[in-house]
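Put together the whole structure using the sequences plus the hints.
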Amino acid sequence: MKFFNLFRYDLRRSRLFSPGRIAVTAGLFSFLFLCFCVDVFQGFYFELKSFWEINSLSLSFGDVLLSKTGGILPLNAQSQSFLFPTEWLAIQMLLCYFTLGYMQEDFTRGGAQVITRMGSKTLWWLSKCLWNVCSVTLFFCLGYGILFLLTVLTGKSPAFTLNPSVFAFYFSCSLPETGAAQSELFLALCVLPWLTAAAVNLVQMALTIFLKPAYAYFATGCWLIVGVYYAHALLLPNYGLSVRSGAVGVYGFQSVTGVLLCLGTMALAVAAGALGLRRKDMIARA
Amino acid sequence: MKRVFRMELRKALHGRFFPAAVCCGLLFAVLNSIDRVSQHYSGTGFLGMVDAAERMGYVKYPITPTTPYSEWLGGAYTLGATLFFTLLPLLAVLPYGHSFSEELRSGYLKMVVPRCGRKRYFLAKAGASFLSGGLAVVIPLAASFLFGFLIFPAAKPNVIYNQYFPFGHANMLAGLVHTHPLLYMLLYLGIDFVFAGLFACLSVSSVFFFRQRLASIILPFLFLLGCDMLRNFGAYVTYVEISPMKLMRAVPLVNFTKGPVLLGWLCLFVLLTLPLILYRGCKHEIF
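Residue numbers (this note's numbering), protein chains in the order written: chain S, 1 to 286; chain D, 1 to 287.
For the record, the hints were derived by calculation from the structure and aren't laboratory data.
Some hints here could point you the wrong way.
Claimed, not checked - On the chain S side, residues computed to face chain D include the following (Cβ under 7 Å):
#1 90
#2 111
#3 229
What the hints assert, rightly or not - Chain D regions said to be covered by chain S (calculated; three or more residues, Cβ under 8 Å):
#4 83-93
#5 202-214
#6 223-230
As the list claims (entries may be wrong) - With a straight-line cut-off of 20 Å between C-alpha atoms, the simulated DMTMM-like cross-links for lysine to aspartate or glutamate are:
#7 110(D) to 285(D)
#8 212(S) to 281(S)
#9 246(D) to 103(D)
#10 212(S) to 35(D)
#11 119(D) to 285(D)
#12 119(D) to 103(D)
#13 212(S) to 103(D)
#14 246(D) to 281(S)
#15 283(D) to 103(D)
Cβ coordinates follow ideal geometry from the N, Cα and C atoms, glycine included.
Right, dumping it as structure tokens:
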């Protein structure tokens, strides 16, 4: 059995392109766009005559992405309160749910036979990893695509240029003038969240080899939330919160470090999963 | 009915998922306590401030900004408290949320339902889920609350220290907080119990619509995250807290809690659980 055939089988069997999943993803991102418009209208109520005039604030695709998928800035150590980026967490947890069950399900059903035919557990695992990355990519392409489409259709700028007053409204601090190029903002706002999510989902899938899927999901949730709370360069979820990126300027998490950390984590998750799977009793599970 | 319910309850409380959920909740309570106690005893902390104020003669009677009512899991805004309230739907569902889905798959229903009847079975299942979910959430909350009484002075919250106990007068039962805080907190423990129980019942009703095994555990959580996002609408206009997850905190931080909103969510969750479980359960084809 060829690796390509196995991968194709995974794509077909995992309901990756199921109408339900596509509808939920599209619904979530459309709702986030609606929330953005309502937020901006409420925040700049005294400057606008009606809801339909929010474009007079010169909004862009970058503003939509940063405010709804960018998370929050690290907390001030003096601050006693703790607010939470629900939208960001909802995106991450929904994606984690989409990729959670398939590997375990396939392993306990037809996996044992497929592995026997392939003659290698590692190839079977690599196919699942590739499927996982594809799922994350499809999710982000669909979600960001919908946001982009809605941004353009409602007459906002498709660029990544950030509006300082919208930034101040959302993050309660002024936007520094970093002079970041559009490509740097693209890397920080689009590529890094996708790469981080791919790494997080691969780690979650590797965890399901050792833990029950529900526990793995719970552990991933805790990891993401701790990442929101502790702003540390080695804590991966920080790179998924694009507002902390050095390109935005308030906080200095460098995109290159983020990319390297994501790739390293992905490699570790793949290796740990392959090792764990090698030691796993296939017959007892089948 | 009693025997079925007792059996379901025993399964719910004696399974390994119930202690796991309680332990997770307790872990968050410990995280919260470490943060608050270290703050309480730090050199520049609250005790030092009170001591300085008393030496300077600003207060006749010793009053303290840190009380058990402001420092427990439901009152503080720390990492532990945030983790607890964000993951609360998962904690509530973990003990027994998966059970109906598993029993449906394994064929256990085919054995039980002919013996005890559909209505009894589903009522017992919903009751056991409700109690186990509520207990899994309330035990860590109550432990954190009782632990607070071991450390912090059991004084009533004082409006002088409003910045450490930000309870606005427009909140639901605001009068009770400053006169009978213990009663208010116990009442809120009851509210949290009911909501957590209903979240657990949501997992039972979700099985009728979603076939995947994990859906019954995770979908209530995702649904509540969606409800939490509704707070964007009107957050800067009415200043009323809409999110059910934030309404479960005894001490609100940003927006005001209102009784009608709480009752509205309660009605919605009851409608989404009990009638649905009974109606769909009685119609559900198990063979």
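Checked hints:
| no. | hint | in the structure |
| --- | --- | --- |
| 1 | 90 | 4 Å, holds |
| 2 | 111 | 16 Å, violated |
| 3 | 229 | 5 Å, holds |
| 4 | 83-93 | holds (count 4) |
| 5 | 202-214 | holds (count 3) |
| 6 | 223-230 | holds (count 4) |
| 7 | 110(D) to 285(D) | 10 Å, holds |
| 8 | 212(S) to 281(S) | 15 Å, holds |
| 9 | 246(D) to 103(D) | 33 Å, violated |
| 10 | 212(S) to 35(D) | 31 Å, violated |
| 11 | 119(D) to 285(D) | 13 Å, holds |
| 12 | 119(D) to 103(D) | 16 Å, holds |
| 13 | 212(S) to 103(D) | 18 Å, holds |
| 14 | 246(D) to 281(S) | 44 Å, violated |
| 15 | 283(D) to 103(D) | 17 Å, holds |
Hint check: violations occur at hints 2, 9, 10, 14; the rest are consistent with the structure.
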